[in-house]
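2 protein chains.
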Amino acid sequence: MISLTSLANKLFSAESVAVIMHIRPDGDALGSSLALAAALEKSGVKTEVFCADPVPEKFGFLKNVSRVKTDFFGEYTYLVACDCADVSRMGALGEIFVKSKPNFNIDHHVSNTHFARHNYVMDKASNCENVYALINEAGADIDEEIANLLATGVVTDTGGFAHKNVTAETLETASALVKLGADLNAITYNCFKKQTKARAALFARVMSKIRYFADDAFAVATVAKKDLEETDAKADETEGFIDFVMGIDCVKVGACVMETGENKYKISFRSKGTDVNAVAGVFGGGGHVLASGCQIFGEYEEVIDKIVCAVKRFIEE
Amino acid sequence: MISLTSLANKLFSAESVAVIMHIRPDGDALGSSLALAAALEKSGVKTEVFCADPVPEKFGFLKNVSRVKTDFFGEYTYLVACDCADVSRMGALGEIFVKSKPNFNIDHHVSNTHFARHNYVMDKASNCENVYALINEAGADIDEEIANLLATGVVTDTGGFAHKNVTAETLETASALVKLGADLNAITYNCFKKQTKARAALFARVMSKIRYFADDAFAVATVAKKDLEETDAKADETEGFIDFVMGIDCVKVGACVMETGENKYKISFRSKGTDVNAVAGVFGGGGHVLASGCQIFGEYEEVIDKIVCAVKRFIEE
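Line by line, the protein sequences are chains A and B. Heads up: the first sequence begins at 1 in my numbering, then just goes up one per residue. Heads up: the second sequence begins at 1 in my numbering, then just goes up one per residue.
FYI, nobody ran anything at the bench for these hints, they're computed from the structure. Keep in mind that a hint or two might mislead.
EDC-like cross-link-like pairs, simulated, lysine to aspartate or glutamate; straight-line CA separation at most 16 angstroms [claimed, not checked]:
id, chain 1, residue 1, chain 2, residue 2
1, A, K101, A, E75
2, B, K58, A, D249
3, B, K197, A, D243
4, B, K10, B, E41
5, B, K193, A, D249
6, A, K209, B, E230
7, B, K209, A, E230
8, B, K179, A, E172
9, B, K69, B, D53
10, A, K58, B, D249
11, B, K194, A, D243
12, B, K193, A, D243
13, B, K179, A, E169
14, A, K179, B, E172
15, B, K194, A, D249
16, A, K272, A, D249
17, A, K194, B, D216
18, A, K179, B, E169
19, B, K164, A, D183
20, A, K194, B, D243
21, A, K197, B, D249
22, A, K164, B, D183
23, A, K197, B, D215
24, B, K264, B, E302
25, A, K194, B, D249
26, A, K193, B, D249
27, B, K63, B, D26
28, A, K193, B, D243
29, B, K197, A, D216
30, A, K209, A, D227
31, B, K197, A, D249
32, A, K197, B, D243
33, A, K312, A, D216
34, B, K197, A, D215
35, A, K197, B, D216
Facing chain A, from chain B, some residues (calculated, C-beta under 7 angstroms) [to be verified]:
id, residue
36, F161
37, A162
38, K164
39, V166
40, L171
Glycine included, C-beta positions come from ideal geometry on N, C-alpha and C.
The following block holds chain A by itself, in its conformation from the complex (with noise of 0.2 angstroms):
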């Protein structure tokens, strides 16, 4: 693995540097890869930013989101993959990046695959605080803008400093990032607190209709095609759905049943301690212990049956 010190000596003093993210680009990917770009071009190395997918709508608040483009053009000194666990995060981008040899890749996931000539690997709550760390070794500047994309990071990958992975540093860096001028108010109000009319009212109907199995430990939020066209929200609005769901004291396991098709149904399971990587094998499908996901083909109620069954017994073992 190449040292910070090596790292930013490179990067900085570069002429030029292509930023890379990965596909269906969250607040931690776009956020330390713009952070990265706008330190750099602070530092007077040209950069671009680019990801295989188009920005979600609700990341429009970010500063500069806009130069996050989707087709790879020019040439660059160094290739930089940011937030990526493996070349295929990189979508149609991968290929392009594993063709330029002096790459970079630097990333938090412990499953990185260290798939770039040079990986800065480190296993932090988000992307971000590997950037934080990686411009303060360059002695770059940390403006507001820079403060505010690396905030965006670490609140969204901590879910505002709720999840497991919330270290004592992962606080000492937002801290300092406040002290930067991130705004964390106007950070978690645009990625997690905003909402429109539409999602607002596909958000009550699916949960006025929670169905509960296995004693209440089981919970199932269905979204029917029917749902979204009724209420004219968008299928990439149910984030945070089965949050709600978790919630609830009694919920050992729940599941969001998406219709995305004719008898064609996208489940994602999350648990409190039941290995729903199991449940989710048991389709095809698979994740983490405790959120996994798959697919299933038939009527409704046949699937509802065929993972009612399935969780039971996994929730019994």
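Keeping the supplied structure of chain A fixed, place chain B upon it in accordance with the hints.
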């Protein structure tokens, strides 16, 4: 105002101390009072903790919360008011407090009336930050229990580090508390996310009936007695309902209308800028510019007409 050093010297060398927190105790009142009591006890000071109101069930997860007594007893070297802006905040225990002359006031509200003989009032996001400084000043040990109690006040009074009151120092304190064993994940779950099945049902029902007025700038969520009865939820489980409404992007003013009796409604207003203190004032209520409340008597639809009319006047101004 008494200095921190002097405060620490007096309290930690006392024979006995009674700590009184404010009525309708919240996470900061409980956290700061119980943490102070635990630190004093560990330093050999006999301590009791009092609150005129019983502790809400949701705080049952706090260690030694059962030591909070509603009926005052015993004789103490000192009485300490904790997290109380004025004497009335102690409810019935305020009378006992004023009669005891060697008394102290440790608080973080700028509006504090300095009602005690010795006042230590510092404007912080939470009173737990003041108690943290006090325990440190006394050189007393902060164990895991105390760290969790203090972190509970920091987390709840900042809405999980999301309110505008969060400073770099708040986050530094949180960082130190995590290092000392505080579990932010558990605190956040217990204080903000955990809910009963009944509360989840009430929430979904109320939010599915949100009414919009003034071109969607004013949204009203109504909790009718029938809603409570039919979902088996309790009135105090409506905490946080208004936050969901205020997250809706088009909403400038939100109201939560609670049916508290026959033709009797308690109304809480929240705003993103409009002066809802003035709105509540129309009905003899009040509060702050961005958060206020009032009570209105009448038929439900008439009450709605009245508040819509009042809100429109101030939104337009």
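Taking only the CA atoms, is the gap from K197 of chain B to D216 of chain A under or equal to 16 angstroms?
-> OK: K197 of chain B and D216 of chain A at ~9 angstroms, within 16 angstroms.
Take a quick look at whether K197 of chain A and D215 of chain B sit within 16 angstroms of each other, Cα to Cα.
-> It holds: about 12 angstroms lies between the C-alpha atoms, which stays within 16 angstroms.
For the pair we were handed, K209 of chain A and E230 of chain B, check the Cα-Cα distance against 16 angstroms.
-> holds, 15 angstroms
K272 of chain A paired with D249 of chain A [C-alpha distance capped at 16 angstroms] = holds, 10 angstroms
Quickly compare the C-alpha distance for K58 of chain A and D249 of chain B to 16 angstroms and report which way the hint goes.
-> holds, 11 angstroms
Under the criterion that the straight-line Cα-Cα distance not exceed 16 angstroms, is the pair K194 of chain B, D243 of chain A satisfied?
-> It holds: about 10 angstroms lies between the C-alpha atoms, which stays within 16 angstroms.
For the pair supplied as a hint, K179 of chain A and E172 of chain B, confirm whether the alpha-carbon distance does not exceed 16 angstroms.
-> With a Cα-Cα distance of about 11 angstroms, the restraint between K179 of chain A and E172 of chain B holds, given a limit of 16 angstroms.
Mind checking the CB of F161 of chain B against every CB in chain A and telling me if the closest is under 7 angstroms?
-> Check passed: Cβ of F161 of chain B comes within 5 angstroms of chain A, closer than 7 angstroms.
Given hint D249 of chain B paired with K193 of chain A - CA-CA distance at most 16 angstroms = holds, 9 angstroms
Interface hint outcome for A162 of chain B [beta carbon to chain A under 7 angstroms] | Result: holds, 4 angstroms to nearest chain A Cβ.
Take the C-alpha atoms of K197 of chain B and D249 of chain A, compute the straight-line distance between them, and say whether it is at most 16 angstroms.
-> holds, 7 angstroms
Are the Cα positions of K193 of chain B and D249 of chain A separated by 16 angstroms at most?
-> This hinted pair holds, its Cα atoms lying about 9 angstroms apart.
Checked against the numbered hints given earlier, the structure satisfies every one of them.
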